[in-house]
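Q: If you want the building blocks of each chain, they are given just below.
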Amino acid sequence: MNATVVVILALAVGTYAFRLVGPVLHGRVEIPARVQELASAGAVVLLVALLATGALTEGGGFAGWARPAGVLVGGLLAWKRAPFVVVVVGAAATAALLRLAGVA
Amino acid sequence: MRSPKRTPSTPQTPSARSGDRSLLRDSSLVWLASGIVGVSFGAVSVAGGLPLWVPVLMSVVVYAGSAQFSAVGVLLAGGGPLAAAATGLLLNTRTAAFSLAVAEILGTSRAARFLGAHLVTDETVAFALAQSDPVRQRRAFWISGLGLFAVWNTGVLAGALAGGALGDTARYGLDAAFPAVLIALVLPTLRADAAVRRCALLGAALALAVTPAVPAGVPVLLALAGLVLHRKPAAGPEGPAGPAGPAGPAGPAHEEAAV
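Protein chains in written order, with full-length UniProt numbering: chain A, 1 to 104; chain B, 1 to 259.
FYI, nobody ran anything at the bench for these hints, they're computed from the structure.
Each hint should be verified, as a subset may be incorrect.
Straight-line Cα separation of at most 20 Å, SDA-like style, residue types lysine to any residue; simulated pairs [said to hold, decoys possible]:
1. A/K80 x B/R191
2. A/K80 x B/P188
3. A/K80 x B/L187
Start from the sequences, fold in the hints, and give me the full structure.
A: Here you go:
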């Protein structure tokens, strides 16, 4: 029980510290324009890496076919500039229907 | 607070009200999906034998979906508290990079920065960066962030109380919804900015390549190596500017409009 509280607090404090890096540095230190540029490019790089690993992998292995197929449909809809709701629902519905049909 | 000035570089800025409506509409989908994931987090935790307060407290003070799932997963698998905390922290390391990217967007007041920092998640950062002008970026961050925080925590509490009523949420295809949300949000940037596109493709390839071999959280961090392809624009010397260099005013042009 106590160990669990320690886990939660350590995780909370550490995570909040990570999240404070930007806001704290921003007021105090003159962040060079080049660093800011790299930070916003880096955020997009992280998001794309998250979506790629999130679409294709699960627990270090392949996530199965239903999820990547759903994400692919969502991606194609986004490419065609479909409304946000269509992209999201399209992706989820594709994966859900494939699973209903027995595709893992 | 509305800026009294019209920025000439953004001629097609929609009115703030209709802009907020579209932000609300798009955000609400992400809230819905996150709420259901929250329900499953609460349910999984309690069904695994943790007391109700554990997922509930964790969701409020840690507030990071993937890290919470991993930490609870390690705890339930008997991996010990140290491993649970380390896994969660490793997964959340990326929020440092995110917070740097949105530091400007949060706002300038002390309260906005300290409260806003807690709302820095994959979704809020993606939402904010997807907007075209600074005012809309700030609105997008706060609208998506406050709503997500409320829905996530409500969902976790509901799930912890209800137990496993929803069953396996993979049935709803939500695992495909989140990567699709990210695609929709980053696609405009990827279309417009070839330099970022190159970095992102290399980064994603690196992340996928190392995923089977390294602990969770590391692949995404390694993706940042893709930034080596981000060339400095032609003006100015190569390499990081020294402190002795002629430091131009780094403050962005819209600073004066911020309140």
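Q: Hint by hint, say whether it matches the structure.
A: Each hint, compared with the structure:
no. : hint           : result
1   : A/K80 x B/R191 : 12 Å, holds
2   : A/K80 x B/P188 : 12 Å, holds
3   : A/K80 x B/L187 : 11 Å, holds
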